[in-house]
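Read top to bottom, the protein sequences are chains X and U.
First residue of the first sequence? That's 1 in full-length UniProt numbering, and the numbers climb one at a time after it.
First residue of the second sequence? That's 1 in full-length UniProt numbering, and the numbers climb one at a time after it.
Check the hints yourself; a few may be wrong.
[As the list claims (entries may be wrong)] Lysine-lysine pairs mimicking DSS-like chemistry, simulated, CA-CA at most 25 Å apart:
| id | chain 1 | residue 1 | chain 2 | residue 2 |
| --- | --- | --- | --- | --- |
| 1 | X | 313 | X | 406 |
| 2 | U | 393 | U | 355 |
| 3 | X | 406 | U | 171 |
| 4 | U | 132 | X | 406 |
| 5 | U | 306 | U | 292 |
| 6 | U | 325 | U | 335 |
| 7 | U | 306 | X | 406 |
| 8 | U | 210 | X | 406 |
| 9 | U | 285 | X | 134 |
| 10 | X | 313 | X | 343 |
| 11 | U | 67 | U | 393 |
| 12 | U | 145 | X | 406 |
| 13 | X | 406 | U | 285 |
| 14 | U | 171 | U | 160 |
| 15 | U | 285 | U | 356 |
| 16 | U | 325 | U | 67 |
| 17 | U | 132 | U | 114 |
[Claimed, not checked] Estimated spans, in silico, between C-beta atoms of each pair:
| id | chain 1 | residue 1 | chain 2 | residue 2 | range |
| --- | --- | --- | --- | --- | --- |
| 18 | U | 368 | X | 367 | 28 to 38 Å |
| 19 | U | 148 | X | 148 | 51 to 61 Å |
| 20 | X | 303 | U | 148 | 22 to 32 Å |
[Said to hold, decoys possible] Going by beta-carbon spacing under 10 Å, a handful of chain X positions derived as facing chain U:
| id | residue |
| --- | --- |
| 21 | 189 |
| 22 | 193 |
| 23 | 368 |
| 24 | 374 |
| 25 | 396 |
| 26 | 399 |
| 27 | 409 |
| 28 | 426 |
Source of the hints: derived by calculation from the structure; they are not laboratory data.
None of these values were measured; they are calculated from a predicted model.
Ideal Cβ placement from N, Cα and C applies to all residues, glycine included.
Now for the letters of each chain:
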Amino acid sequence: MAVCALTGGCVTDYIAVAISGLSLFLLLARAVFPFLVQKAPSTKASGLSLVIIQIIGSINLILSLVMSVNFLKWNQRQPWQSCYIWAGSYLAYLVLLSVWAEGPLGFGLLMSCRIVQAFQLYHVFVKRRLPPVKPFVLLILILLPWIGGAAFIHINKPLNHQCHMRTQWVIPVVCIHAFYIAALIGVTRAVRHIEFRFHEFKDLLQGIIVSSIAVGFWIGAYILNEVHEDILWVQVVSRFLLLVTASVLVLVFFSMSVSQPLLSQISLRKRESTEFVTMGQALGIPGCGLLVQTASVAGVDLHQPLDKLLQDKRFRQSFMDFADSCLAGESVHFFEEVHELGKIPLDDPVRRIYMARHIIENYIVTGAEMEINISHRTRQEILGTLDLAHPDLFNHAVNEMMQLMKMNLLKDYWSSMNFVKFKEENPRQPDSSEPAGWDLSPRLSCVRCTDNPFNHEQLHKCPSGRKCDV
Amino acid sequence: MFAELTRETGQNTYSMISMLSLAFEGMGSFCSRQKPYSEADAEENEQAAEIERRIAQETKAEQHIHKLLLLGAGESGKSTIFKQIKLLFQTGFDEAELRSYTSVIHANVYQTIKILYDGAKELGQNESDSSKYVVSIENKEIGEKLSAIGSRLDYPYLTKDIAHEIKTLWKDAAIQETYARGNILQVPDCAQYFMENLERLSEADYVPTKEDVLYARVRTTGVVEIQFSPVGESRKSGEVYRLYDVGGQRNERRKWIHLFEGVTAVIFCAAISEYDQMLFEDETKNRMMETKELFDWVLKQACFEKTSFMLFLNKFDIFEKKVQKVPLNVCEWFKDYQPKASGKHEVEHAYEFVKKKFEELYFQSTKPDCVDRVFKIYRTTALDQKLVKKTFKLVDETLRRRNLIEAGLL
Chain X
1 MAVCALTGGC VTDYIAVAIS GLSLFLLLAR AVFPFLVQKA PSTKASGLSL VIIQIIGSIN
61 LILSLVMSVN FLKWNQRQPW QSCYIWAGSY LAYLVLLSVW AEGPLGFGLL MSCRIVQAFQ
121 LYHVFVKRRL PPVKPFVLLI LILLPWIGGA AFIHINKPLN HQCHMRTQWV IPVVCIHAFY
181 IAALIGVTRA VRHIEFRFHE FKDLLQGIIV SSIAVGFWIG AYILNEVHED ILWVQVVSRF
241 LLLVTASVLV LVFFSMSVSQ PLLSQISLRK RESTEFVTMG QALGIPGCGL LVQTASVAGV
301 DLHQPLDKLL QDKRFRQSFM DFADSCLAGE SVHFFEEVHE LGKIPLDDPV RRIYMARHII
361 ENYIVTGAEM EINISHRTRQ EILGTLDLAH PDLFNHAVNE MMQLMKMNLL KDYWSSMNFV
421 KFKEENPRQP DSSEPAGWDL SPRLSCVRCT DNPFNHEQLH KCPSGRKCDV
Chain U
1 MFAELTRETG QNTYSMISML SLAFEGMGSF CSRQKPYSEA DAEENEQAAE IERRIAQETK
61 AEQHIHKLLL LGAGESGKST IFKQIKLLFQ TGFDEAELRS YTSVIHANVY QTIKILYDGA
121 KELGQNESDS SKYVVSIENK EIGEKLSAIG SRLDYPYLTK DIAHEIKTLW KDAAIQETYA
181 RGNILQVPDC AQYFMENLER LSEADYVPTK EDVLYARVRT TGVVEIQFSP VGESRKSGEV
241 YRLYDVGGQR NERRKWIHLF EGVTAVIFCA AISEYDQMLF EDETKNRMME TKELFDWVLK
301 QACFEKTSFM LFLNKFDIFE KKVQKVPLNV CEWFKDYQPK ASGKHEVEHA YEFVKKKFEE
361 LYFQSTKPDC VDRVFKIYRT TALDQKLVKK TFKLVDETLR RRNLIEAGLL
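Extracted from the complex, chain U is given alone in its bound form (with noise of 0.2 Å):
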């Protein structure tokens, strides 16, 4: 209903965005506007008959652009992924980008240090031995005072103060209860992370690390893109790839549908480590619950008969760690759960459990006349460069070797 002036303008933006940016990617620079008068007409004829050349041009090449989607539920990594595969294969960050990334990162970090001290303040309320999460009387005043921070609209700049006030409340042992019961507050997994390198955060000229980048949490609302080619520019006969990234959360998810034709693969990110945590659009969904009924979704979707389905099992460094902790049995699909050993063996055996439980998800939601389509399992953590890398290249055989196989050539 405020369709009317958003649409024009958004329609003719629109279309002016994709005539131009075809111009830009052909041409590379961007043709002057100061022009006399007189000349104006016919270089008008000549750069719009260019642009329509650039236009038929990309269309024929876009037939063999490959079209991958990253989909998953909230927080399962999916810009991480996408991060990534901007560092390996595209040109990486510069510095001015990395620096954007300075005021995400203290976003961050208050408001993690706000989410940790209200939700003391509400364990101690609720909680039957509240006085573990009671926060001493020194730190009280800066956790009220961080608190106040985190709900303005603007953060100020992490001075080594601050920084110093931040550490000093993390380190409190009312707070470090509260993280251990993390799970049922919505506290970033990059909480840790950030909490141990504040003194390097708060440099005076701070320029993020790739690590620090990677770490950085943003919910992603809408839809980005970017084409980029495994093999590298300079060879042509590589595959090109145009990746999508999208927001998890509910109300994201309708804007997935867009997206649906032509795809050649979807990268489904699957959290493995969250299964004790609840959604951040509504506290009383299990997430695990979640990813298995948005993972069934997906197969079941009409538009994906001949796509290929890479699954990644992301976050396994927090896995790891967790399931000697929290066990499996948690959450209501892993119920049937029986710990065999302990260290080591345990976490492979939990983590053996848990694929064996996806395979039989997409075998359950694969209806029989989808069944050649490719369906391969991935253990990954976006974080680790090296292993996304890996990761990538077994991907990208997979899909070559499908695209020749349905050219009839293999």
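Excised from the complex, chain X in its bound form (with noise of 0.2 Å):
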């Protein structure tokens, strides 16, 4: 016992070290199995990254962990056992991953993106404005002092011969995972009050529960390791947990963001859920995406304006179609976004805001995938609003869409083969009169083209087949 204990190849350490090895194994397929099953996960470059990032992170922190602690019995200590060059051998991310060897960067990350989400929440739900600064640069911002704090140690070299740090060193380190968990904490606090719709609330709890254990654990195990370096079957024992302790925490962090990429956690977006077609639904506004069919035989009075004629549900389904046919159906869609946040009560403001940062990643963004097309003046006063909730917010917006709609789409409805489909479907009174000449309008087979962009299909190949560089 004595021996194992001191030169490593306890029956424990090495059961220990078969755990690790299945964690890993399992980290690696948890990693692959979305690319493998689905198609095309939608990651973000950034997003996959990060991911990559945190599986390199991972196996450097178990792999040091079994070489620098003595689990595996060898006869001399191999060169290649030194915790330094285990570190320094990771190319691409050296000074990330550097001596650190029981800092675990998954941990970090994870805190990092938690808190990064937390403090997206607060910015839009509590101070109602987008917020200022993109994730990924905030993410990185927040990961800076725990990168800092691993270059400080490699830089001074605290370990001694079996890779113990030195008493003086543990507290620094407990200061940092705990600074970090404190953070997120004071964060989440501030946005308790919040109803949110989406799990966001217990989400960022999860992340508080899951890594104070994981950092109890730690400090418990770890303290144990080092402080009684003369008793030995403590060592053992603290030795066992301790990897243990970093396979299952190493893949429980993983899985919590793998299973949504990491970047995915910050962004409101990602939370619908697959049976809900529009936020709209999502959120439980009344009669949305629903064609209700009216008992009234009477027909829509085809000579109200525009802004009236839409508020009726076949007439807007019929003048969407239209729309969409000839590309230009993102004008009706924002109509209907922005018509149904008008149905959000004003004394719901967590709603509100869900919708309106809806409507404007999907429409007013630049680049967005149904831009619409509207001034610069009007577009930079929706993005620098400071009250997302705010009734007026999109009314310039959806005043020049309406002037657009007027003097371009609207002419070619009537001429068009979705009007004659609206007629037949609703009959009106026999002395109604028709807006426009019956003539076929210069939009009627419009594109001769494969897929209708508005499903969101890959826009941007070439028909052909070859792709065209945008």
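Dock chain to chain to rebuild the complex, using the hints, since each chain is given by itself in its own frame.
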């Protein structure tokens, strides 16, 4: 017993190493799984790189733990057992993964992601403004102290010959862990009174609880391992616990973040349940997305101005189909979503903010998939607003879109097939006249392309299959 | 994500539209719906067979149709060229269609005066010599009223009274000063023309003239197309062109990609008078620089390796007047311009300079294996019908010659 405690090779040690090997294997399987099963999970490139960093960090941690703390029995201390070499061998992430052998990068990353998410939620729901800084930039900023600490320790090399840190270094290490958890708790407290609709608060709490337990275990095993170097069975047991906890936590952290890619935890949108088609339905706005067949036989008065006409669901649907077929559908979709936003009462700012944020991300932001045709000023007004729940937030944009639709699309609509269909399905009083002459619209068989862009399929390919440089 | 409902109906409607539209073009009349129930099936089968035949014919015919795209940045004159082609080679505008532009023209008037009045207020606050942008007290009230009307969803009909008020405000010195600084505001090019014709536009039974329709400004959204034959309907052997008009603003450009296949020629419109103006959708970007980048991007598209490029250097009439007041150097792309003379020679010199810049850009952006594609530059003023007709005839000739060369007959 005494021998194996010092030089490694105890049964428990081998079990621990086996467990860590298993956890690494599961980690890799979990990482690769989404890409094998789904065709192409929607992961942004920055999210992907974070995932890769976390995998490498986890592998590094486990391996360095195994090598530096004496789990395996070697006859003499191999040169490649040196803690520093294991850290230094990872080229791309030298500074990041440097010697902080017992400080998991995954932990730091996860905490920082959660902090960024909480911060964004705070900004959007409490201060009611769009977050000023991009999430990725914020993530890097929050991760910097962590990296700084790792670099500092690497420089000062306070590890003794058994890769144990001197006692005086334990306290700052524990402090940094605790500081991150405290930051997360602080920001979560600031948003605790908001009634989130998509389980964001639950996620944050989950993050806090898991990380606190992890750190607690860690510190416990660590201290036992460090402090009681002389009590052998404590050494063995604490070594075992350390490695097993590390393996389990690495897996848990990773699976918590890889089931939805890390960066997606920062954006609100990813929380939409798949059974909801529209944000309106997800938020529970009455009468959304349903084509209500009203009992009234009386048709729509087609001489009303367009904004009144669009209140009628059947007309709106017909007009929307027409607009979609000539690649101008974003105007009508935008109008509909703002209309739904208008249905949310003013004393429910949380839902209003969800909807407003959804509309901004889909229609207003430059490069959005259904970006609408509005002037620079209107766009800047919306993006720089001081109150996301304000009832008049989109008024100017709606005005401009109405003008666009009235002067551009509406004329073509009257002479389109969509209108003919609409008239057939909604017979009107015999004495009401038609708004325009019956003539073939220039938008009829608009675009002979294979897919309608409002089906959100691949937009950036030539229909012939060759990729156009965009 | 709104896709589910719209997708189904959209696709169904779309396929139904294309089928029925072919039936229309062929048959010219729509079969009556009031059929006796017992005959319904047989009729339907016959109809379906007829439609199939027509589709087959159309598909064969389509291979002889030449696809033309009108591309360009926002407000470069694409839709005006489109309207001109409609006027020249199709049936033109009948009275109903002319009347439908009345609301558009009135909207332009209200929007213009609102932009000018709001612009004057803004310049009055921000500029150093703000006194010249301060509207006189009598006209301030009119200005406020017109600005409020301009923010409404529905504009009132342009009556004589309102027209008179607008004219008064237009003549105010501050507004004229603001108009002179119109390049930093988004003042449409038709402003002067409509303001001068206000009496005519506000007649009770006003029917827009063809010229009014050509001046009317509407941002295009989505895609519009017409099919025409430059020789006239009677001659079958004439070329058939299908012309597509698109929106030019940045958000509209993502829709362009759907049109890029099988294009015979791209007519790229570049408004050369816009070298001192900023984009509608991004007031920090110069319009000429945007056009330059856009032209570069279009030239580099893989789909356009064999496509002919016709560059229309548009808005020459405005360019003529502007170049004598505002030097070309204000635009970064033209910063190495040296003014030579003044008057008419200056205009020609400036125009040649701009043309050379575009030529350089073309040859820079063209890969060596695309060098044999046709590239021609035309000076146009989209509002001038004769000029557009002449220009288009040249385009047609070039494309026909190209067609023959490709078929190996020349």
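> Holds or violated: are the alpha carbons of residue 406 of chain X and residue 171 of chain U at most 25 Å from each other?
Replying inline: The hint is violated at about 30 Å.
* Distance restraint between residue 67 of chain U and residue 393 of chain U, which requires alpha-carbon spacing of 25 Å or less -> Distance ~16 Å between residue 67 of chain U and residue 393 of chain U Cα, so the pair holds.
### Task
Measure nothing beyond the straight line between the CA atoms of residue 132 of chain U and residue 114 of chain U; if it is 25 Å or shorter, mark the hint as holding.
Within the cut-off at roughly 18 Å; holds.
Would you mind confirming whether the straight-line C-alpha gap from residue 306 of chain U to residue 292 of chain U stays at or under 25 Å? holds, 21 Å
- Holds or violated: residue 285 of chain U with residue 134 of chain X, Cα cutoff 25 Å? Since the Cα atoms of residue 285 of chain U and residue 134 of chain X sit roughly 23 Å apart, the hinted pair holds (cutoff 25 Å).
25 Å Cα cutoff - pair residue 145 of chain U, residue 406 of chain X: holds, 23 Å
Given pair status - residue 67 of chain U, residue 325 of chain U, alpha carbons within 25 Å:
Not satisfied, since the Cα-Cα distance of roughly 40 Å exceeds 25 Å.
Item to check | Straight-line alpha-carbon gap residue 306 of chain U to residue 406 of chain X, limit 25 Å | outcome: violated, 38 Å
Beta-carbon spacing of residue 303 of chain X to residue 148 of chain U - inside the hinted bounds 22 to 32 Å or not:
With a Cβ separation near 25 Å, residue 303 of chain X and residue 148 of chain U satisfy 22 to 32 Å, so the hint holds.
(message) Can you confirm whether the C-alpha distance between residue 171 of chain U and residue 160 of chain U stays at or below 25 Å?
(response) Answer holds: residue 171 of chain U to residue 160 of chain U is near 16 Å, not above 25 Å.
Query raised in the report: Does the nearest C-beta of chain U fall within a distance shorter than 10 Å of the C-beta of residue 409 of chain X?
Result: holds, 7 Å
Is the shortest C-beta separation between residue 396 of chain X and chain U less than 10 Å? Holds: closest Cβ of chain U sits about 8 Å from residue 396 of chain X, inside 10 Å.
In summary, the structure is inconsistent with hints 3, 4, 7, 13, 16, 21, 22 and 28 from the numbered list given earlier, while agreeing with the others.
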